[in-house]
Amino acid sequence: MTMIAQTGAAPRLQTSLSVIILGATLAALATAPMWAGRAELRLLMEALSYLALAQMWNLLAGYTGLVSVGQQAFVGLGGYMFFGLAIFGGMGVLPALGLAAVGTAIIAIPTGWLAFRLNGAYFAIGTWVIAEVFRLGMAQVGSLGGGSGISLPVDVARSLADGRAEREMAMYYIAFAIGVASVALVWGLLRSRWGLAMTAIRDSELAAETVGVSTRRLKFMIYVLTAGFTALAGGFLFLQKLRITPDAAFSVNDWTAFVIFIVVIGGIGTIEGPIIGTVLFFALRQVAADWGTWYLMLMGVIAISVMLVDKRGIWGRIESLTGWHLLPVKRTLD
Amino acid sequence: MVWINSIVQGVMLGGLYALFAAGLSLMFGVMRFVNIAHGDFIVVGAYLILTFVVSWGLSPVLGVGMVLVLLAVAGYMNQRLLLNRVLGKDILPPILVTFGMSIIIQNGLLEVFSADSQKLQTGWLETTSVQLGDQFAVGLLPFLMFMTAVAVIGLLQFVFYKTPLGRMLRATSDDPEIVPLMGGNNAHTFALATGLASLVVGVAGIWLAMKTNFDPAAGPARLLFAFEAVIIGGLGNIWGTLLGGIILGVAQTVGAQVDAGYQILAGHLAFLLVLVIRPTGLFPKVSH
Amino acid sequence: MTKLLEVSGLTAHYGDFQALFGVDMQVEEGETVAIIGSNGAGKSTFLRTLTGLRPSKGQEIRFCGQQIAGLPADQIHKLGLAMVPEGRRLFRSLSVEENLLIGAAGKRKGPWDLKKIYDLFPDLVAKRNNPGTALSGGQQQMVAIGRALMSNPSLLLCDEISLGLAPKVIKDIYEAVPMIRAQGTSILVVEQDVSQALAVADRIYCFMEGRVSLTGTPDSLSKEQIANAYFGIGEAA
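Chains as they are written, first to last, in the numbering used here: chain G, 1 to 334; chain Y, 1 to 288; chain C, 1 to 237.
FYI, nobody ran anything at the bench for these hints, they're computed from the structure. A few of these clues could be false.
[As the list claims (entries may be wrong)] For lysine-lysine, the following BS3-like pairs were computed, each having C-alpha atoms within a straight-line distance of at most 30 Å:
#	chain 1	residue 1	chain 2	residue 2
1	G	K311	C	K57
2	Y	K89	C	K78
3	C	K115	Y	K162
4	C	K78	Y	K162
5	Y	K162	C	K107
6	G	K219	Y	K285
7	Y	K162	C	K3
8	C	K116	Y	K89
9	Y	K162	G	K311
10	C	K127	Y	K285
All values reported here derive from a predicted model rather than from experimental measurement.
Can you build the whole structure from these sequences, using the hints too?
See the structure below:
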């Protein structure tokens, strides 16, 4: 009897701990403009955008097994479309961001159709080629500045709010919404009826096929969905930067290598992994960014080490040791 | 006339791309393994030859020998000590480990050699040309590059189909589980495959150094060209890879003839076009 | 006679499932031994453990007096233990002759070479340059046996070599066994076909549910004894 009582207590403790941690983090983030300075706020905005990118890459690679190294295609397209809609379409920031996301998702349909003709590791490199096509192609579009890029007119950012502080706050809450929505979206998806199918694909594609999951269609849907959401984050990132060039927009290092690093170190195939990874990535960057090339080499070494030591990453390790889920996705019968 | 000239240039360039592609194709064939750092290793080969011949003043023959030996040994060790540990059904670990390597190599090169673009000057080799018929002349350097590609691919074909090593490589590719029952050691065989592929990577790096400007970040583009040549040619067909390289090279030089900015883009588009029409490549493997 | 193979108390597990419960076995030099038993009796697991395809660390397997438990498969093979795997498993991109040559990769000295294999299985000569997988089932089995012999093993393990073959073909294949013995190669066959096993073996071991349920020479064992040991219905009947 005591045994049962003890094993029952641990999950309950973990659940309340999860609620406390999640609640405190959300509250701290929601009130950030009140306690954070300008520099911290900018850092948080970037971190929240990266959280969204990481959640999306994890959804794609961790759950459907589609290892893409071409997600920069969608960051860049989102950024360029947002600039195009805001500059030439005269749209406000929010509608332009939304439309850029939808537009990119639509472009991802033919793109995915091409990439899906390749399997496994070749899919990965195929997505990279496609991203390069967008980068080189965009350099040829004169109206968007060609190879040297284009700046966002001051009016666009001004349309958000009047004062500078208010603008910063509005920007922050957009980032907050994108970051939190990315987690919520993945969480909701995994708890939906598709979630079961996705977990099945992650664990064994063959088994998933035999129980009647059309893995190809589901994977394609996830590919298009992540493209759209990645573009939303991309649009915001370039709203923050106020300038876009093909090389910056379609950078494999900034938008894919770092994102993969975040997911891998945090724990691929888990919702919590990208969150932990984002925190660690920005912490490491604060400490080591001045080391230049050594900092990047260190990241490479860490990523390789994770694969050799425990490819489930930090959260995967914690989960297997404690059975703790910060955001439970399994529906239990209680 | 300019068009024919650019096509001929493209064919020669295709030889270089086939050299890029051969190692990638070999490793995939034996181990179903794609090395994301493949292009970066080619660039390492280019920097090594530059260091040996220009900085250290070694004779070119000795320099070439050293590059090839170094890369082959490094490739063997890399596979034996590191990559073998992440091979398996899950495609993610090998992709991520080699992606990490790619970042380490690029930044390591940047630290040692700076971001300046470099080229190995070859003097008279560059200025001499070969007469092809009455009408045409091709630069000696591109011509030798193309012939090297043909020779390397012929040699790989020979190794693969006529030697005990090739037999073991093919057997391991077919059924790695059963090979140890015939006395084969998979870890060693995989490492030999990577060693052989790295030898070709060395040859490719040396030609890269002589043919074009390169810098520490030049690797990923080389990986993409290699990959495109493999897919255009058709998986598992090494002569197809040469043809894939040629198609890619011609697409690039013809694109560049239209507008200098279209060179790389035209190559990528040719690849995507093949992917649309024939996803298995233009010359898929014929059974032997 | 000296002991070629000595196995004592061999166990094997697949996760929580135990497949072998302390199997003892000896094979003398020059002997032909057969293991019979129904599906799931543990015969194939036994062979896979001997050859190093399954982990055997810490167990007691002596081959030519040397402890081989825990060695990797390729090293066990080099000591002179070769296996004809279940289902033949020819290399599909290799020709018949190349399949045979792969077997000789270990370069052990002994009576077997290409010429001897072609003497043993003359059907293969005409097909030597064909892909191994383009042959009939019986011919594929000949290649698989020849491939194992090419390594000049002291002990040849044959896993279910009659499986899926027509009776006439099985007979042809088993005709090779005496000729293999004549070269001094010992043989351990795993066989579901009891009459075939009894016909070729000096001694048989019957496996049931992961244990040796019966052992002896074919003429010392009655049909009832074998049936009981094979199906496990002895005590009930």
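Which hint numbers doesn't this structure obey?
Structure breaks hints 7, 8, 9.
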